[in-house]
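Using the sequences plus the hints, can you model the full thing?
Chains A and B, in that order, are what the protein sequence lines are. Quick note: the first sequence, position 388, residue 388 per my numbering, numbers continuous. Quick note: the second sequence, position 56, residue 56 per my numbering, numbers continuous.
Bear in mind the hints are in silico, worked out from the structure with no lab data behind them. Here the structure is a predicted model, which means the values were calculated and not measured. Just so you know, not all the hints are guaranteed correct.
Said to hold, decoys possible - In silico lysine to any residue, SDA-like type, Cα no more than 20 angstroms apart, as pairs:
id	chain 1	residue 1	chain 2	residue 2
1	A	31	A	56
2	B	8	A	209
3	B	11	A	209
4	B	8	A	205
5	B	11	A	343
6	B	11	A	192
7	B	11	A	43
8	B	8	A	219
9	A	416	A	583
10	B	11	A	206
11	B	11	A	202
12	A	420	A	409
13	A	31	A	343
14	A	420	A	355
15	A	31	A	436
16	B	8	A	220
17	A	31	A	321
18	B	11	A	203
19	A	416	A	204
20	A	31	A	332
21	A	43	A	343
22	B	8	A	343
23	A	455	A	467
24	B	8	A	204
25	B	8	A	430
26	A	455	A	430
27	B	11	A	409
28	A	416	B	11
29	B	11	A	213
30	B	8	A	213
31	B	8	A	519
32	B	8	A	211
33	B	11	A	204
34	A	455	A	519
35	A	31	A	155
36	B	11	A	205
37	B	11	A	207
38	B	8	A	214
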Amino acid sequence: MSASAMRIALVGNPNCGKTALFNQLTGGRQKVANYAGVTVERKEGRFLAPSGRTLHILDLPGTYSFDATSPDEAITRDVCYGRYPGEAPPDLIVCVADATNLRLHLRFVLEVRRLGRPVVLALNMMDAARRRGMVIDVDALSRRLGVPVVETVAIRRGGAQALIQRIDTSVPAIEPADIDNAGIEQLHAEVRSILADTVTLPRDTAAVDDAIDRWVLHPAFGLLILAGLMFMIFQAVFSWAQPVMDGIQAGIAALGTAVTGFLPEDSALHSLLNDGLFAGLGAVLVFLPQILILFLFILVLEESGYLPRAAFLLDRMMFRVGLTGRAFIPLLSSFACAIPGIMATRSIQDPRDRLTTILVAPLMTCSARLPVYTLLIAAFIPDRTVWGIFNLQGVVLFTLYFAGIFSALLVAFVIKRLRKDRSEHALIMELPSYRLPNVRDIGLGLWERALIFLKRVGGIILALTVLLWFLSSFPGPPEGATGPAIDYSLAGRLGRLLEYVFAPIGFNWQICIALVPGLAAREVAVAALGTVYAMSGSDDAVASQLGPLIAHSWSLATALSLLAWYVFAPQCMSTLAVIRRETNSWRNVAVAAGYLFGLAYLASLATYQIARALS
Amino acid sequence: MRLSDAPKGAKAVVQSVTDAHPADPIAQRLRDLGFVSGEPVRLVARGPLGGDPLLIQIGSTRFALRRTEADRVMIAVDGAA
Chain A
1 MSASAMRIAL
11 VGNPNCGKTA
21 LFNQLTGGRQ
31 KVANYAGVTV
41 ERKEGRFLAP
51 SGRTLHILDL
61 PGTYSFDATS
71 PDEAITRDVC
81 YGRYPGEAPP
91 DLIVCVADAT
101 NLRLHLRFVL
111 EVRRLGRPVV
121 LALNMMDAAR
131 RRGMVIDVDA
141 LSRRLGVPVV
151 ETVAIRRGGA
161 QALIQRIDTS
171 VPAIEPADID
181 NAGIEQLHAE
191 VRSILADTVT
201 LPRDTAAVDD
211 AIDRWVLHPA
221 FGLLILAGLM
231 FMIFQAVFSW
241 AQPVMDGIQA
251 GIAALGTAVT
261 GFLPEDSALH
271 SLLNDGLFAG
281 LGAVLVFLPQ
291 ILILFLFILV
301 LEESGYLPRA
311 AFLLDRMMFR
321 VGLTGRAFIP
331 LLSSFACAIP
341 GIMATRSIQD
351 PRDRLTTILV
361 APLMTCSARL
371 PVYTLLIAAF
381 IPDRTVWGIF
391 NLQGVVLFTL
401 YFAGIFSALL
411 VAFVIKRLRK
421 DRSEHALIME
431 LPSYRLPNVR
441 DIGLGLWERA
451 LIFLKRVGGI
461 ILALTVLLWF
471 LSSFPGPPEG
481 ATGPAIDYSL
491 AGRLGRLLEY
501 VFAPIGFNWQ
511 ICIALVPGLA
521 AREVAVAALG
531 TVYAMSGSDD
541 AVASQLGPLI
551 AHSWSLATAL
561 SLLAWYVFAP
571 QCMSTLAVIR
581 RETNSWRNVA
591 VAAGYLFGLA
601 YLASLATYQI
611 ARALS
Chain B
1 MRLSDAPKGA
11 KAVVQSVTDA
21 HPADPIAQRL
31 RDLGFVSGEP
41 VRLVARGPLG
51 GDPLLIQIGS
61 TRFALRRTEA
71 DRVMIAVDGA
81 A
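Here is the structure:
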């Protein structure tokens with residue numbers, strides 16, 4: 001083993017700051033937040049030490065014990081024991097412990113000791129520990145544990161300096177001690193004795209945590225605060241974004257006119273740029289502000305430590321319907337995107353709870369649905385105030401989100417009923433200390449989200465839009481044809497064919513065409529509608545006018561039916577692929593796709609027929 | 001007394017964790033988390049719906065435990081035997 005290839009693993013209890021340290025060392029940008037189970041995968045990075053050596057740093061999921069109870073904990077156990085496929089055990093273990101939570105975290109340090117590999121203990125969150133008036137005798141702690149101990153503040157620039165110096169020099173292997181063979185009671189007794197000798201602790205918890213929790217976890221106010229918070233998010237997504245969206249829309253329209261102005265009106269290039277690019281991509285790009293506002297709220301909630309509290313408040317209800325409070329965080333992430341949401345279910349211990357959560361996660365309204373919802377709501381729902389304070393459009397959006405949540409609960413309940421294994425499900429969830437969200441982290445998180453969205457627009461959405469433009473343009477109309485050219489194209493014919501299936505739920509052939517590329521990603525449907533309508537003859541139809549255009553040509557029943565379709569339909573191949581990867585079963589993919597399409601069709605059928613009967 | 005029956009806010013000391021069935025992983029995890037004989041615990045809050053789950057403080061850590069989980073932990077409340 002050469003010194004240049006030294007491999008260092010970061011291990012420790014959940015939510016002690018391993019990933020923040022990893023980012024600090026490697027310059028990485030892995031997700032950090034304030035709840036147990038953010039990291040569910042093994043992540044690798046490189047770090048060039050001051051001595052010039054390259055160190056390989058492994059970031060591992062947090063675990064309370066090597067006696068793993070969930071898939072993410074098993075990864076950490078396997079890597080540390082050298083059982084992880086294709087990977088030698090790490091040369092050095094950096095055991096990270098939350099200095100404010102040593103009573104719990106030191107026991108795991110003693111467990112890591114038993115591996116007999118070189119260990120360095122990083123006492124993280126030392127800033128918070130000092131604020132609480134804790135005094136830790138680091139030298140004495142190091143002597144008692146038999147491992148080098150350094151202090152770190154992973155979220156502060158330069159906060160890992162002591163750790164860097166320590167791991168850059170050689171760390172001695174551990175001397176075996178009696179404690180390595182002790183039982184669980186003795187381990188805890190040892191921790192108590194070490195703490196008594198090395199740590200002065202004025203009080204067990206931060207006073208501010210107690211004060212906030214008295215309100216936030218209050219039986220009545222707690223639920224009210226949670227409901228108010230959720231409702232405020234949806235109102236904000238609609239009302240705050242509007243001015244910026246108007247600006248983007250005007251910008252795209254101006255750019256489209258400027259670029260295509262030089263081209264002859266009847267050329268193919270003019271059509272590709274105007275109908276394909278500006279009408280298609282522009283229609284999607286407009287939704288960036290809304291997506292960022294949604295993420296702003298999610299990121300702030302994640303960093304604050306509130307999410308596990310919400311899980312606590314809702315556990316009983318979620319348990320009743322066959323889920324678990326632990327499912328709250330994966331399901332909330334699914335409001336951003338079902339893919340990270342489904343991956344986050346790895347922190348759910350019970351395999352039954354995990355599968356149920358995975359199957360209902362696509363029902364949470366992901367940010368890719370926002371463009372579809374907003375387009376239709378803005379076109380068909382009047383922008384007026386109801387009951388004095390609420391915006392009607394915001395209320396409809398909230399209803400759509402709620403429909404997703406409600407059906408997820410219903411589906412989970414059905415799954416629970418169908419299940420034969422009725423043995424006990426575990427919760428056991430840690431509630432972290434509150435933390436003030438870091439403005440820089442939130443900013444970086446939003447920046448990453450914006451990049452991801454723009455990459456989607458410039459990648460898959462662009463490719464499909466151009467492809468759709470070709471399919472809608474060729475073959476061209478025969479001599480003497482009277483209707484719009486798209487009627488004779490491949491896409492037009494396909495749309496007319498699909499119309500037979502979708503006519504009962506009120507979809508016209510333009511919607512049918514848009515649904516097909518919309519299978520790759522939901523927002524594509526909006527881009528596709530933009531292109532299809534631009535191709536259908538209305539030459540002045542650019543991005544900004546897709547809304548008024550459909551408001552003019554669709555019935556309200558059709559619009560509502562399409563909204564209902566999007567609450568359920570699994571119009572996202574990546575989600576189905578991640579279900580396959582996380583459950584390792586095509587059967588689960590078939591079950592998910594089958595029930596979601598089924599519900600979508602039924603919901604749209606009911607919506608369309610009822611709306612038509614009423615109007 | 002079971003931890004699940006503890007009065008809210010009262011200080012108590014863990015006596016033991018009992019396995020609900022042989023090789024009970026929930027009991028094992030509770031012991032790993034520090035629910036062992038002699039450890040001080042406190043019931044901080046109860047969930048809003050049906051008083052479930054329970055918020056338990058042990059050391060400086062707070063855990064949400066369902067009643068069925070807290071049932072495994074036997075405690076002695078200070079001042080009462």
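Hints versus structure:
1. 31(A) x 56(A): With Cα atoms ~19 angstroms apart, residue 31(A) and residue 56(A) stay inside 20 angstroms; holds.
2. 8(B) x 209(A): 17 angstroms, holds
3. 11(B) x 209(A): 18 angstroms, holds
4. 8(B) x 205(A): With Cα atoms ~17 angstroms apart, residue 8(B) and residue 205(A) stay inside 20 angstroms; holds.
5. 11(B) x 343(A): Roughly 39 angstroms between the alpha carbons, so the hint for residue 11(B) and residue 343(A) is violated.
6. 11(B) x 192(A): 18 angstroms, holds
7. 11(B) x 43(A): Violated, at roughly 42 angstroms.
8. 8(B) x 219(A): 13 angstroms, holds
9. 416(A) x 583(A): 18 angstroms, holds
10. 11(B) x 206(A): 18 angstroms, holds
11. 11(B) x 202(A): At roughly 17 angstroms apart (the allowed maximum being 20 angstroms), residue 202(A) and residue 11(B) satisfy the hint.
12. 420(A) x 409(A): 19 angstroms, holds
13. 31(A) x 343(A): Holds, because 13 angstroms separates the two Cα atoms, which is no more than 20 angstroms.
14. 420(A) x 355(A): With Cα atoms ~14 angstroms apart, residue 420(A) and residue 355(A) stay inside 20 angstroms; holds.
15. 31(A) x 436(A): 17 angstroms, holds
16. 8(B) x 220(A): Distance ~16 angstroms between residue 8(B) and residue 220(A) Cα, so the pair holds.
17. 31(A) x 321(A): With Cα atoms ~30 angstroms apart, residue 31(A) and residue 321(A) exceed 20 angstroms; violated.
18. 11(B) x 203(A): 14 angstroms, holds
19. 416(A) x 204(A): 39 angstroms, violated
20. 31(A) x 332(A): 15 angstroms, holds
21. 43(A) x 343(A): 14 angstroms, holds
22. 8(B) x 343(A): Not satisfied, since the Cα-Cα distance of roughly 36 angstroms exceeds 20 angstroms.
23. 455(A) x 467(A): Answer holds: residue 455(A) to residue 467(A) is near 17 angstroms, not above 20 angstroms.
24. 8(B) x 204(A): At roughly 17 angstroms apart (the allowed maximum being 20 angstroms), residue 204(A) and residue 8(B) satisfy the hint.
25. 8(B) x 430(A): 19 angstroms, holds
26. 455(A) x 430(A): Violated. Residue 455(A) to residue 430(A) sits at ~36 angstroms, over the 20 angstroms cutoff.
27. 11(B) x 409(A): 37 angstroms, violated
28. 416(A) x 11(B): With a Cα-Cα distance of about 37 angstroms, the restraint between residue 416(A) and residue 11(B) is violated, given a limit of 20 angstroms.
29. 11(B) x 213(A): Satisfied, since the Cα-Cα distance of roughly 18 angstroms is no more than 20 angstroms.
30. 8(B) x 213(A): Cα-Cα ~14 angstroms, so holds.
31. 8(B) x 519(A): 52 angstroms, violated
32. 8(B) x 211(A): Since the Cα atoms of residue 8(B) and residue 211(A) sit roughly 16 angstroms apart, the hinted pair holds (cutoff 20 angstroms).
33. 11(B) x 204(A): 13 angstroms, holds
34. 455(A) x 519(A): Distance of about 18 angstroms is within 20 angstroms: holds.
35. 31(A) x 155(A): Answer holds: residue 31(A) to residue 155(A) is near 13 angstroms, not above 20 angstroms.
36. 11(B) x 205(A): Roughly 14 angstroms separates the two Cα atoms, so the pair holds.
37. 11(B) x 207(A): 17 angstroms, holds
38. 8(B) x 214(A): 12 angstroms, holds
The structure does not agree with the numbered hints 5, 7, 17, 19, 22, 26, 27, 28 and 31 stated previously, though it agrees with the rest.
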